[in-house]
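Here's the letter readout for the chains.
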Amino acid sequence: MSRFTPETAARAAELVSLYPERRSALVPLCHLAQEQDGWLTPEAMEEIAELVGVTPAEVRGTASFYDMLHTEPVGRYLVSICTNIACLLGGAEELLEHAERRLGVRAGRTTADGMFTLEDAECLADCHRTPCVTVNHRYVGGLSAEAFDQLVDDLRAGRRDGEIPPHGTLVRVRRSGGLRVPRDQVAAERQAMAAAVAARAEAAKAAAEAQSAQGDGAQGKGA
Amino acid sequence: MAVTDAPRIVTARMGYDDSYTLERYLATGGYEGLRKALSMTPEAVAAEVDAASLLGRGGAGFPAGRKWSMLRKDPVTYLVVNGDESEPATFKDHLLVERDPHQLVEGVLIAAYALQVSQAFIFIRGEFALGLERVTQALNEAYEHGAAGVDIFGSGFSVDVVVHPGAGAYICGEETALLESLEGKRGFPRIKPPFFPAAVGLYGQPTVVNNVETMSNLPWIVLQGGKAFAALGAGRSAGTRLFALSGHVKRPGTYEVEMVKTTFRDLVYAPVYGAGVQGGREVKAFIPGGVSAPWFGPDQLDLPLGQDEVGAAGSMLGSGAITVMDTSTCMVRAVWRITRFFARESCGQCTPCREGSGWLERVLRRIEQGQGREEDLDLLLDASDNISPGLQWPPQQTTICVLGPSIPSSIHSGIEMFRDEFLVHVKEGRCPVG
Chain A
1 MSRFTPETAA RAAELVSLYP ERRSALVPLC HLAQEQDGWL TPEAMEEIAE
51 LVGVTPAEVR GTASFYDMLH TEPVGRYLVS ICTNIACLLG GAEELLEHAE
101 RRLGVRAGRT TADGMFTLED AECLADCHRT PCVTVNHRYV GGLSAEAFDQ
151 LVDDLRAGRR DGEIPPHGTL VRVRRSGGLR VPRDQVAAER QAMAAAVAAR
201 AEAAKAAAEA QSAQGDGAQG KGA
Chain B
224 MAVTDAPRIV TARMGYDDSY TLERYLATGG YEGLRKALSM TPEAVAAEVD
274 AASLLGRGGA GFPAGRKWSM LRKDPVTYLV VNGDESEPAT FKDHLLVERD
324 PHQLVEGVLI AAYALQVSQA FIFIRGEFAL GLERVTQALN EAYEHGAAGV
374 DIFGSGFSVD VVVHPGAGAY ICGEETALLE SLEGKRGFPR IKPPFFPAAV
424 GLYGQPTVVN NVETMSNLPW IVLQGGKAFA ALGAGRSAGT RLFALSGHVK
474 RPGTYEVEMV KTTFRDLVYA PVYGAGVQGG REVKAFIPGG VSAPWFGPDQ
524 LDLPLGQDEV GAAGSMLGSG AITVMDTSTC MVRAVWRITR FFARESCGQC
574 TPCREGSGWL ERVLRRIEQG QGREEDLDLL LDASDNISPG LQWPPQQTTI
624 CVLGPSIPSS IHSGIEMFRD EFLVHVKEGR CPVG
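Heads up: the protein sequence lines correspond to chains A and B, in order.
Residue 135 in the numbering used here sits at position 135 of the first sequence, and the numbers go up by one each step.
The number in the numbering used here is simply the position in the second sequence, starting from 1, with 223 added.
Honestly, the hints are just simulated from the structure, not real lab data.
Even for Gly, the Cβ is constructed at its ideal location relative to N, Cα and C.
Be aware that one or more of the hints could be misleading.
Calculated from the model, a selection of chain A residues having no Cβ within reach of chain B, i.e. all distances over 10 Å [said to hold, decoys possible]: (1) Gly38; (2) Trp39; (3) Pro42; (4) Glu100; (5) Met115; (6) Gly141; (7) Ser144; (8) Asp154; (9) Arg175.
Once the Cα atoms are required to be at most 27 Å apart in a straight line, the calculated DSSO-like pairs of lysine-lysine come out as [to be verified]: (10) Lys450(B) <-> Lys259(B); (11) Lys484(B) <-> Lys473(B); (12) Lys484(B) <-> Lys290(B); (13) Lys205(A) <-> Lys450(B); (14) Lys408(B) <-> Lys290(B); (15) Lys290(B) <-> Lys205(A); (16) Lys650(B) <-> Lys205(A); (17) Lys290(B) <-> Lys259(B); (18) Lys415(B) <-> Lys290(B).
From just these sequences and the hints, can you work out the full model?
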């Protein structure tokens with residue numbers, strides 16, 4: 001696996017520029033690396049470490065905390081079956097067993113041809129369609145055993161490629177560039193606004209004092 | 224059945240196939256709330272939200288207006304939106320980010336103006352790939368439209384908004400863990416005090432953290448006024464709220480209902496909501512507010528959907544996730560699966576949670592597999608008591624965050640309500656349900 005391509009590197013620089021502190025880009029950069037390579041390679045972790053100013057061990061230590069960041073290769077399709085409470089009630093354990101038989105691997109493993117990684121997932125927040133299944137984090141609905149088999153056939157034949165990108169590609173919509181607010185402008189606006197707020201508070205206080213001094217009970221309102 | 228005629232505040236556009244587009248949003252009053260807010264003073268906008276008595280829709284139910292008023296004065300402050308929806312059986316924010324992303328963006332912009340922050344982050348759980356795409360697209364369009372970025376709608380107010388993808392960790396829904404994650408670290412909840420990010424938050428700066436649904440209510444509140452919102456519901460539970468209904472109901476889904484005036488029974492049985500239990504069976508138990516909440520039995524179906532009402536009955540509305548389990552459910556298996564979730568998702572910082580969740584899961588698994596012992600029931604409660612002393616509600620805490628004391632909820636409920644069923648598993652090595 002390679003380091004970042006020039007295109008990935010350009011997008012990486014963009015991501016880093018979005019945050020007040022560059023380490024904040026660590027997780028988005030891990031997603032970006034997975035989009036390039038399908039998983040988080042040691043080389044990519046080194047490159048990310050340089051970009052955000054930490055050690056490669058810190059990148060690995062952070063990435064390994066998160067379920068979606070894979071420091072080992074995964075299949076082209078990550079098939080996640082939720083077995084948490086709502087899906088359990090909807091027959092998820094039975095579907096997972098069926099999937100293990102159909103794909104010939106236990107949950108957590110990848111098929112020999114590198115096509116599928118099967119995952120026994122926690123709640124994926126789509127609990128009205130159970131058992132909930134996602135492929136590369138795209139929802140494919142609550143599935144029966146038959147529908148699951150059909151899905152596997154379709155994926156193998158490339159019939160779902162339009163809606164389901166390869167593993168690692170998370171967000172296909174790019175943030176439009178050149179929209180950042182210049183820092184000095186923000187500082188000036190904040191200062192002006194703080195002054196305005198203080199002035200309004202002062203005026204309201206003065207008005208209240210004047211009113212209580214007069215004791216006329218008139219309804220006064222601050223700006 | 225009490226199905227009130229309250230307006231649909233956050234789900235008004237859900238009937239449109241193109242509800243997520245800028246065209247549809249603008250055609251249905253989109254960004255009018257932001258325009259109105261910008262014509263008011265920031266304090267006046269905050270005052271409307273305060274008057275609305277909008278309780279945070281994330282799980283803790285803290286009043287949004289009060290949270291805002293606690294933001295420490297500082298030249299640099301941040302707004303962070305919590306879209307890490309991961310409490311099992313909660314899928315309401317999923318609907319909002321995918322189906323009405325502009326409403327969320329507009330809410331964020333209104334809040335940013337009211338709070339006078341120049342940088343906002345929308346943290347969305349990484350598994351919401353389509354939601355991330357929709358919100359990113361909506362934000363791009365908002366910038367194009369002049370609603371975000373420099374000098375929005377010519378008001379002189381500028382704000383930058385960044386959509387930040389999570390990477391799969393339940394604990395990041397805890398607001399201080401979310402901030403750590405946003406800083407590029409492991410999602411470890413921060414030691415309290417300081418209790419509130421409003422004092423010390425992102426990069427140590429004062430930060431308001433609000434839930435997606437909380438933000439999505441703001442355009443309506445600004446347009447219609449806080450009083451109109453507060454007129455809905457009753458007591459401290461004002462307005463409407465999204466409830467994610469799952470489990471053994473005929474029509475699981477996310478429903479917007481008026482708080483307090485609607486009951487659990489309405490939600491489960493009304494034809495426009497759950498439409499009753501599958502197969503005509505009965506409710507055996509239900510979880511009223513996500514798996515961190517203690518369970519209720521069928522005798523509590525008539526409780527109103529109000530924060531204080533449910534709290535007084537010994538549980539919580541939490542994340543708004545209601546899971547119905549009918550008479551065909553094996554309660555040992557349900558409790559085991561929930562406990563396994565906590566064992567997998569414990570961040571590992573605190574011993575009672577890290578070790579306790581694993582022990583509890585293994586004991587429950589052996590009971591479920593017919594290899595339990597009678598003393599296991601007391602063992603489960605004893606270990607639970609070590610995580611949350613007294614097993615009371617609201618729970619005591621021995622850990623940095625509330626994940627730990629959430630673990631005993633289902634175990635305690637399951638054993639209290641269904642001790643006989645647990646005993647059959649232990650004594651006869653089988654499940655009496657099937």
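Hints violated by the structure (listed by number, smallest first):
Failing hints, ascending: 9 and 16.
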